[in-house]
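Participant: Read off the chains here:
Protein chains: 2
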Amino acid sequence: MDYSRFFSSDVPSFLRSPVREIFRKVDLSAIYSFAGGYPDAATFPIADIKRLSALVLEKYGAKALQYGATQGVTELREAISRRYGVPVENIQITTSSQQGIDVCSRILADPGDVVLVNEPTYLGALQSLRAYRADIQPLEGFRGFALKEELSVREAIEARGGFKRPKFCYVIPDFQNPSGQTMSLEQRQELVLMARELDFLIVEDSPYRELRYSGEEVPTIYSLAPERTLHLGSFSKIFAPGFRLGWIFGPPELLEQIYVCKQALDLCPPILDQYMAAEFMSSGALDANLEKSVRLYRSKRDLMLSLLEKYMPAGVSWTHPEGGLFLFLTLPEEIDTVALYDRALAAGVAYVAGSFFYRDGSHRNTMRLNFSFLDASRMEEGIKILANVIKL
Amino acid sequence: MDYSRFFSSDVPSFLRSPVREIFRKVDLSAIYSFAGGYPDAATFPIADIKRLSALVLEKYGAKALQYGATQGVTELREAISRRYGVPVENIQITTSSQQGIDVCSRILADPGDVVLVNEPTYLGALQSLRAYRADIQPLEGFRGFALKEELSVREAIEARGGFKRPKFCYVIPDFQNPSGQTMSLEQRQELVLMARELDFLIVEDSPYRELRYSGEEVPTIYSLAPERTLHLGSFSKIFAPGFRLGWIFGPPELLEQIYVCKQALDLCPPILDQYMAAEFMSSGALDANLEKSVRLYRSKRDLMLSLLEKYMPAGVSWTHPEGGLFLFLTLPEEIDTVALYDRALAAGVAYVAGSFFYRDGSHRNTMRLNFSFLDASRMEEGIKILANVIKL
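Those sequence lines, one after another, are chains A and B.
In terms of the working numbering, the first sequence opens at residue 1 and continues consecutively.
In terms of the working numbering, the second sequence opens at residue 1 and continues consecutively.
Looking at chain A on its own, in the form it has when it is part of the complex (with noise of 0.2 Å):
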C-alpha cells in the first residue's frame, strides 16, 4: 500500500540524518567512528547515577514517578536558576535540547519564513527548520553586505531593494557543531545590533557552553539581549545524553506559547529524570564531573590536532576548537567526501560529510570530526586510516 496521499505537506521537506542512519546500519564498535557527537562513555557518572535514583525515590517517593508540571519539576528549574543566575520564571524545560530547537521553530517558523543561521549549521536544526518548510538563509551574507559597505544593516538591505524581514536566527556561539569555532564578543553584539534593527529573534544553541579547554569565556548572547534571544541549555554534554533533557531561557511572554505548545507535544519532560538531574546539579557532583569531563576532553582535542598535523597530507586544514566535541576539516577541491564515505566505511572509519551541514549540500570537500568518543590509541588508529584514505 502506498501512503504518499496521506501524508502532510511538511513531509516531502523531512530531512534524513545521514549521521542516525550511519548509527542505524553499522556497529559502532566494531569501527573507528568520529562521526556522532557522543560524550565518552568514561566522562558518564555511573556511580553518582546509581545512588540518585536510590535517593530521589527515597526523597519524592511517588511523586518522582507521578505526572508533573508541564514547566518541569520546580526543584530542577530551582538548581539551573542558581547555576546560571536566570530567574526561575525565564526557564522551561524540555525533553531534549532537540525538543527546544523544534518547539522554537514550532512557535516562530511558518513555511517560507526567513531563518539565518551559520553555514556550516547543526544538522538537527537544518532537520527541524526544513519541516517547517523555513527559508534557511545564512547569516554570513546579511552580515557581509552590512559591513561592507559600511551602512547600517537596513540601509544595506533597503539599498539592495528591500529584504523579508527574519523570523529568527539560530546560532551556536560557542564551540560551533560542527565547525567548532565560537564567536566572538564583538560578532556577538553584531548581531544582537542586528537582531534589534531588523526586529528578528536569535535562538542560541548553547549545548557545549560547559567544555572549554582553553581561551576566554565570551558572555551569552543571551545575557547581551535577554528580551528577544531564546537560550537553550542541554544536559547530555554535563550529565548523560540518555536522560534527553534541557533548557530554555527566555521571556517570559514567549515561554508561555513554548508552554503551551509543550502540553500537546509530550504534557511533561520525564520526571525521575529531572530530580536525578536537580540532585546532581545542587548537591555539586556535577561541577565535579564536569571538571574531569573538561580535563579528558582538553587532552583527547590536543591529541586529535597532533594526529592531524601528523598524519594529514599537504592541502588538508582543520579549524582549532577552544572546546566542545568537533573539529572541520577542509581538503583540496577535488576530493568529494560524500563520495569518499563508502571507501572510509570500508576501511573502519566513519565521519559526517560537510556538505550534510549546508542548507544546499554544498562544500563537498569538507567534513566534521568528533574527537569525544574515541580513547587515545583508537583515535590515533583511526586518523592514520582516515589519512590513507584521504591520500588514495
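No wet-lab data here; the hints were simulated from the structure.
Hints should not be assumed to be uniformly reliable.
If several chains are the same, the list does not tell them apart, and a pair holds so long as it fits within one copy or across any two.
[Said to hold, decoys possible] Below, in silico cross-link-like pairs of lysine-lysine (BS3-like), each with a Cα-Cα straight-line distance of 30 Å or less:
{"no.": "1", "residue 1": "K59", "residue 2": "K384"}
{"no.": "2", "residue 1": "K292", "residue 2": "K50"}
{"no.": "3", "residue 1": "K63", "residue 2": "K292"}
{"no.": "4", "residue 1": "K25", "residue 2": "K391"}
{"no.": "5", "residue 1": "K292", "residue 2": "K59"}
{"no.": "6", "residue 1": "K63", "residue 2": "K310"}
{"no.": "7", "residue 1": "K384", "residue 2": "K25"}
{"no.": "8", "residue 1": "K292", "residue 2": "K384"}
{"no.": "9", "residue 1": "K59", "residue 2": "K391"}
{"no.": "10", "residue 1": "K164", "residue 2": "K310"}
{"no.": "11", "residue 1": "K164", "residue 2": "K292"}
Let chain A serve as the given structure and place chain B on it in line with the hints.
Facilitator: Chain B alone, transformed into the frame defined by chain A:
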C-alpha cells in the same frame, strides 16, 4: 515587548489545557481532585524501580546513559513485540503517547484537513489537532447518516453532495477518555469498513486497554486493519507516567516517516527509562503489578458508582465504564459546569467540565470524573461535597 508579530500562524490555534491550568494553580493535595487522569500512587512499583535502576546500570553500564536509536532501544521493542505479538519492525517507541498523537498528527494533518473524532474526546488530542489547524469533525456525524439511509457510506455521502475525505480518524476504543465508554466489535468493524471505503487512516489511542475491570475484551482496531491503523500504547497506566514512554504499532512505511520526524523532535526517547521499562516488562514484574492495579481500580470504580448512586441528586446520570480511569456525568440541562467550577473549587473539590472535551465547547451540563486517584475515604468525602455543590 509584544511578541505576537513573531508567532507562527499555528499559535493562535493553540488550545490551553484547562486540566493543566488547574494543576498549575491548585495544590492537589489540599483538595478532593477528580480532575486529572492521575494513577493511584499506590500502583507505582517503587521497590521494583529502585531495583531496576541498579540492575540496568549494572547490566548495560554506559550504554544506558548514551544516545540511542531513534526507534527506541532494541530490548524494549522486543519486550513489547513479545507481549503484544507485533513484529519489532512495526514498533516505534515514543517519548510519551502524547508524543505519539503529536507525531501522527504532524505527518498526516495539513491545515484544513478533516480529522474525525468521537465526541467527547481526549483533550490532548484536540490540542494536538488544533495546533495543526485540522478541521475536527465528529465521527458520529459521518457514521450516523450512512446507517440511517441504509446506503454504503460512500453512497450516502455522495447523495449529500460529496464530501471532503477525512485524513484520519482518532479514537480511544477502550474505556474512552473522557466518557469511559468502549466501542463494541461491531462499531470497530464498521469504522474499519468506513476507513477502507472512504480511504482514511485510523489512529487508535489505547492507553487504558489493560485496565479492564469487567466485561469481555474486544479486539483492537489494529488487529482488524493493521494496514491502515496507527495504534498508540502507553506505559503511563501500567508502569508510571513519570517515565513518559509509549509506543506506536503501524505499517513500516508509516513508521519510517515517523522515525524521520522524530529525529527532529527529540533524537531518541530517554534511554535509562527504556531499559528499565524493558526489564519491568520482560521480568514479569509488569504483569504482577498490573494485576494489583486492576484489583485496586475495580474496587474504586465500584465505590465511585455506589457513591454517585448514594449522593447525587435526581436528574444526574453517568456512564458505567468497564475499565480505565474516568466516568462522565450528565447533569440537568440548566446546570453549567464551567460556571459551577469556581464554587466547587472553593468547596474543596475539582473536576473537569465536560465541554472542554467537545471541539465546540458545547455540552456545558457535563463533567468528567476520575476515579483512580483518590483513596476510598477521600473519594466519599469528595463526592458528598460535589453532590452538594450540584444541588445548590
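Participant: Would you mind marking each hint as holding or not holding in the structure?
Facilitator: Results of checking the hints against the structure:
1. K59 - K384: neither (51 Å within a copy, 34 Å between copies)
2. K292 - K50: both (19 Å within a copy, 28 Å between copies)
3. K63 - K292: between (32 Å within a copy, 20 Å between copies)
4. K25 - K391: within (26 Å within a copy, 65 Å between copies)
5. K292 - K59: both (28 Å within a copy, 24 Å between copies)
6. K63 - K310: neither (55 Å within a copy, 33 Å between copies)
7. K384 - K25: within (23 Å within a copy, 61 Å between copies)
8. K292 - K384: Intra 28 Å, inter 59 Å, cutoff 30 Å: intra-copy only.
9. K59 - K391: neither (59 Å within a copy, 42 Å between copies)
10. K164 - K310: neither (48 Å within a copy, 66 Å between copies)
11. K164 - K292: Answer is neither: 47 Å inside a copy and 61 Å across each miss the 30 Å cutoff.
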